[in-house]
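**Q** Chain by chain, the residues:
2 protein chains.
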Amino acid sequence: MKADLDRLMAERALDALLIFPGENEDPYRTYLSNGALHSGLVIKRRDHTPVIIVNDMERDEARHSGLPVYTYDDFGYGELRRTHKDDPDGIIAAWYRRIFAELGVAGKVGAYGVTDLNTALRTLRILERTFGDALQFVTEQPRETIFDRAYETKDADELARLRDVARRTSAVMRATREWLATHRAAEGIAVKADGSPLRIGDVKRHVRALLHAQGLEDPEGMIFAQGRDAAVPHSRGTDDEPLRLGATLVFDLFPREPGGYFHDMTRTWCLGYAPPEAQAAYDAVMTAFSRSQEMCAPGLSSGQVQRMVCELFEAAGHPTVLHTPSTTDGYVHSLAHGIGLNVHEAPYFPTFSDRYTLQAGNVFTIEPGLYYPERGYGVRVEDTACLNEAGDLEMLTDCPYDLVIHLES
Amino acid sequence: MKADLDRLMAERALDALLIFPGENEDPYRTYLSNGALHSGLVIKRRDHTPVIIVNDMERDEARHSGLPVYTYDDFGYGELRRTHKDDPDGIIAAWYRRIFAELGVAGKVGAYGVTDLNTALRTLRILERTFGDALQFVTEQPRETIFDRAYETKDADELARLRDVARRTSAVMRATREWLATHRAAEGIAVKADGSPLRIGDVKRHVRALLHAQGLEDPEGMIFAQGRDAAVPHSRGTDDEPLRLGATLVFDLFPREPGGYFHDMTRTWCLGYAPPEAQAAYDAVMTAFSRSQEMCAPGLSSGQVQRMVCELFEAAGHPTVLHTPSTTDGYVHSLAHGIGLNVHEAPYFPTFSDRYTLQAGNVFTIEPGLYYPERGYGVRVEDTACLNEAGDLEMLTDCPYDLVIHLES
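Top to bottom, those sequences are chains A and B.
Heads up: the first sequence at position 240 corresponds to 239 in numbering that gives the first Met the number 0, and the numbers run straight through without jumps.
Heads up: the second sequence at position 67 corresponds to 66 in numbering that gives the first Met the number 0, and the numbers run straight through without jumps.
Hints in this document: simulated from the structure, not taken from any laboratory.
Each hint should be verified, as a subset may be incorrect.
[Stated by the list, open to error] Partner residues aside, some chain B positions facing chain A, computed with beta carbon under 8 angstroms:
#1 Asn23
#2 Met56
#3 Leu120
#4 Thr138
#5 Glu139
#6 Arg207
#7 Asp401
[Said to hold, decoys possible] Quick list of in silico lysine to aspartate or glutamate cross-link-like pairs, EDC-like style, CA-CA up to 20 angstroms:
#8 Lys203/B <-> Asp239/B
#9 Lys203/A <-> Glu310/B
#10 Lys203/A <-> Asp217/B
#11 Lys191/A <-> Asp238/A
#12 Lys203/B <-> Asp217/A
#13 Lys107/B <-> Asp147/B
#14 Lys107/A <-> Glu256/A
#15 Lys107/B <-> Asp86/B
#16 Lys203/B <-> Glu240/A
#17 Lys107/B <-> Glu24/B
#18 Lys1/B <-> Asp72/B
#19 Lys84/B <-> Asp353/A
#20 Lys1/B <-> Glu143/B
#21 Lys191/A <-> Glu256/A
#22 Lys84/A <-> Asp353/B
#23 Lys1/A <-> Asp154/A
#24 Lys203/B <-> Glu256/A
#25 Lys107/A <-> Glu143/A
#26 Lys84/A <-> Asp73/A
#27 Lys1/B <-> Asp156/B
#28 Lys107/A <-> Asp3/A
#29 Lys1/B <-> Glu24/B
#30 Lys1/A <-> Glu139/A
#31 Lys107/A <-> Glu10/A
#32 Lys191/A <-> Glu407/A
#33 Lys203/B <-> Asp217/B
#34 Lys84/B <-> Asp14/A
#35 Lys84/A <-> Glu143/B
#36 Lys84/B <-> Glu139/A
#37 Lys203/A <-> Glu256/B
#38 Lys84/A <-> Glu139/B
As the structure is a computational prediction, the values presented were derived from the model and not from experiment.
Beta carbons: idealized from backbone N, C-alpha and C, even for Gly.
If we strip away everything but chain A, and leave its shape as in the complex, we get (with noise of 0.2 angstroms):
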């Protein structure tokens, strides 16, 4: 959690962390920010509070952070863009000196961000050359950065956002449903009161009103996957397709409350009717689903859950990741990741590791699944759970499992 940093740094001998300006959401200056939403600097010196330089017409929201703020003209970024009007690499050689300098920035330090590429390399190589050895820019391994470690487990502040945003998402996923219930079912596929199919696109424009209804953003999309679609795991779902009965209709939601915390839910639903195969492989994933969270707890590696996951469905005879690496027909993914301020962080779930150990305070997905393309049918289901400080394992979503949903004629 955010409180380990100063931990980890002096774990890892570094001596500051640098988030660079940008106007791009960026979770790791909103995480430093403490939430506040502003495009400028941040520095965090190791066993300094972290503090926030901005435009001169953000000052106000970035004091939201409880944060020391200055402006860039604090360090005189106006007078130097006049006096290096030709020079803007100079512009930013000499407005740097001034705040490592007057900040005391030096030594080993961990630029981060998600950030302009291109710009960022560029005034990189602008400090290297102009502090030399007084500054050394380190990189870690991805996924075990010290942002990663600390995303890992979450603080009793988060965790009260992230019950929240799951409270509030499940509700949107139980709405779903029981809209979903209110359709008839002619010919072989759902229809609207008027007779008209019901489409994959009136479905999600009916989620968007829910989410909307929520206060919940969607700015990575969802996933509404029906039939072939929904044995590719990240296939969105194809807008024009009416509903199909006893097609398999995967729907994946990870909304977020607005430039916050993430949730990350799955159901799988047949209408109608389930085809005994789709059943069958529903009933090895909720098996597989039910023996995870048994199975979750402080201590233990991620990599055992995947692999006990992998050999239960190995066992059934489906193929899996673990025997079968780059198979598309089975168990295709991993069991579960982290969820926060990013949809997708520590702890992973990966197959041939075990470099992720369970622990209080963690926030992550469970969501096994059985993926079919070529006989057109895929099955997921998750949720996002914690582990608590009592080591117990708690469902932050909250909606039933039902495989069919029943339509009337």
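Let chain A serve as the given structure and place chain B on it in line with the hints.
**A** Coordinates of chain B only, in the frame set by chain A:
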């Protein structure tokens, strides 16, 4: 426009453009992928069609681009992950070696994208070590990159989408004004039918519902700021404030079609009446707004228009960034910015530079404003315009400019 990329690459001696994989939204990736949403790698060699390399699960989505699509495993990613299990840097080196050999990537390469900086920097350093002199990653001046230059003009497909998002955004702005006018005035504030105060949070909720009904997203939020907040250009407004009669309300709306193009517009309103000082500032802003429209034409430097507005305001006694560069009173920003897949992009309208020459295909805002935080008011008016193929300034925004919204008592 996109068709200029090969010419721009030749001018700058760039052999290839590289967009790294990443889960976040990336306008560079969207642009090169013709709007297809995926988290993969995009590589464009000079005089070749871009190619997309995605995780197998995203292959269907990536194919919506109409471009050649490869999967990670086409270059042995899964196999490398097994053979280099304890050497993640080695996986990156070997995988890119296969990709670059197969696709013929060498020479001067520009790395672009809005991406995870620490990860991208690590990858770049690995590639520099792996390829030695055969590959150089070049950086460009921010706001002058090959993409900035391409974004600067829009092709017919892009203009059609920008006109459509303009139409929908204008409808939201007009509907907001009409809805505000249905409220009553009581004891110096606007009240709802039940007599309770109408607050900024209520307005934003209503606007979000209107955006939703128009199928628009607001990934960057909106500004609805009153009085002193309205005088700090990027202050977003305070949700629990009741709307006060006679206060300036600056409503800046910059939504986006899902995953695509932005619109940007601002109106300033006073409920009930306008105090003489606010009315005078508004009149001055409207004069600057009209003069700017008359002046914008192909061949002119955008800086000339910005300086004309500064001089106009200074002649009326307002400080501006022309002669009072760090002022927070008066005219404190630049007149305009281009808009497209980014809410701010080229052409910019810098005060002290003539590096942007207006030309057919530009799409940009025009947004003069005057700000007096100590006196508790700010005003801004903004439309988005394009210079069409005939060289005419075509206003894309369609919404009245009346300052005062009359309320019944």
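**Q** The structure should be examined with respect to each hint, and the outcome stated for every one.
**A** Taking the hints in turn, this is what the structure says about them:
Hint on Asn23/B holds. Least Cβ distance to chain A is approximately 5 angstroms, under the 8 angstroms limit. At about 4 angstroms, the closest approach between the beta carbon of Met56/B and any beta carbon in chain A falls short of 8 angstroms, and the interface hint on this residue holds. Using the Cβ-Cβ criterion of 8 angstroms, the hint placing Leu120/B at the interface with chain A is satisfied: the shortest such distance is roughly 5 angstroms. Annotation: Thr138/B was flagged as interfacial toward chain A, and the flag holds, the nearest CB pair being 4 angstroms apart, inside 8 angstroms.
At a threshold of 8 angstroms, the smallest CB-CB gap from Glu139/B to chain A is about 6 angstroms, leaving the interface hint in force. Restraint check, Arg207/B versus chain A: the minimum CB separation of about 7 angstroms is within 8 angstroms; hint holds. Because the smallest distance between the Cβ of Asp401/B and any Cβ of chain A comes to about 26 angstroms, over 8 angstroms, the interface hint for this residue is violated. Restraint check for Lys203/B and Asp239/B: satisfied, since their Cα atoms lie roughly 11 angstroms apart, inside the 20 angstroms limit.
For the given pair, Lys203/A sits about 51 angstroms from Glu310/B by alpha-carbon distance, which is inconsistent with the 20 angstroms threshold. For a cut-off of 20 angstroms, the pair hint linking Lys203/A to Asp217/B stands: about 18 angstroms separates their Cα positions. With a CA separation close to 16 angstroms, the supplied pair Lys191/A and Asp238/A stays within the 20 angstroms bound. At most 20 angstroms may separate the alpha-carbon atoms for a hinted pair to count; Lys203/B and Asp217/A meet this at roughly 18 angstroms.
Of the pairs offered as hints, the one joining Lys107/B and Asp147/B holds, with about 18 angstroms between alpha carbons and a cut-off of 20 angstroms not exceeded. Restraint check for Lys107/A and Glu256/A: not satisfied, since their Cα atoms lie roughly 35 angstroms apart, outside the 20 angstroms limit. Between Lys107/B and Asp86/B, the direct Cα distance comes to roughly 27 angstroms. Violation of the 20 angstroms bound is thereby established for this hinted pair. A C-alpha spacing of about 34 angstroms is found between Lys203/B and Glu240/A, which places the hinted pair above 20 angstroms, so the restraint is violated.
Pair hint Lys107/B plus Glu24/B does not hold up; C-alpha atoms about 26 angstroms apart against a cutoff of 20 angstroms. A distance of roughly 29 angstroms separates the Cα atoms of Lys1/B and Asp72/B; the hinted pair therefore is violated under the 20 angstroms criterion. Distance check on the hinted pair: Lys84/B and Asp353/A sit about 12 angstroms apart at the alpha-carbon level, within 20 angstroms; holds. For a cut-off of 20 angstroms, the pair hint linking Lys1/B to Glu143/B stands: about 15 angstroms separates their Cα positions.
Proposed proximity of Lys191/A and Glu256/A is contradicted: the alpha carbons are some 31 angstroms apart, above 20 angstroms. As the CA atoms of Lys84/A and Asp353/B are separated by approximately 12 angstroms, the hinted pair is consistent with the 20 angstroms bound. Taking the CA atoms of Lys1/A and Asp154/A, the gap is about 8 angstroms. The hint holds against a cut of 20 angstroms. Distance hint between Lys203/B and Glu256/A is fulfilled; the C-alpha atoms sit about 15 angstroms from each other, no more than 20 angstroms.
Between Lys107/A and Glu143/A the alpha-carbon distance is near 17 angstroms, which keeps this suggested pair within the 20 angstroms criterion. Between the alpha carbons of Lys84/A and Asp73/A the distance comes to roughly 19 angstroms, so the proposed pair stays at or under 20 angstroms and holds. At most 20 angstroms may separate the alpha-carbon atoms for a hinted pair to count; Lys1/B and Asp156/B meet this at roughly 11 angstroms. A hinted pair counts as satisfied when its Cα atoms are at most 20 angstroms apart, and Lys107/A with Asp3/A qualifies at roughly 18 angstroms.
Under the criterion of a C-alpha separation no larger than 20 angstroms, the hint pairing Lys1/B with Glu24/B is consistent with the structure, at around 19 angstroms. Simply put, Lys1/A and Glu139/A have alpha-carbon atoms about 18 angstroms apart, close enough for the 20 angstroms limit, and the pair holds. The hinted pair formed by Lys107/A and Glu10/A meets the criterion: a straight-line CA distance of about 12 angstroms does not exceed 20 angstroms. Distance hint between Lys191/A and Glu407/A is fulfilled; the C-alpha atoms sit about 11 angstroms from each other, no more than 20 angstroms.
Restraint check for Lys203/B and Asp217/B: satisfied, since their Cα atoms lie roughly 11 angstroms apart, inside the 20 angstroms limit. Annotation: proposed proximity of Lys84/B to Asp14/A is violated, straight-line Cα distance about 30 angstroms (limit 20 angstroms). Taking the CA atoms of Lys84/A and Glu143/B, the gap is about 15 angstroms. The hint holds against a cut of 20 angstroms. Annotation: proposed proximity of Lys84/B to Glu139/A holds, straight-line Cα distance about 17 angstroms (limit 20 angstroms).
Taking the CA atoms of Lys203/A and Glu256/B, the gap is near 15 angstroms; set against the 20 angstroms cutoff, the hint holds. The straight-line distance between the Cα atoms of Lys84/A and Glu139/B is roughly 17 angstroms, inside the 20 angstroms bound, and the hint therefore holds.
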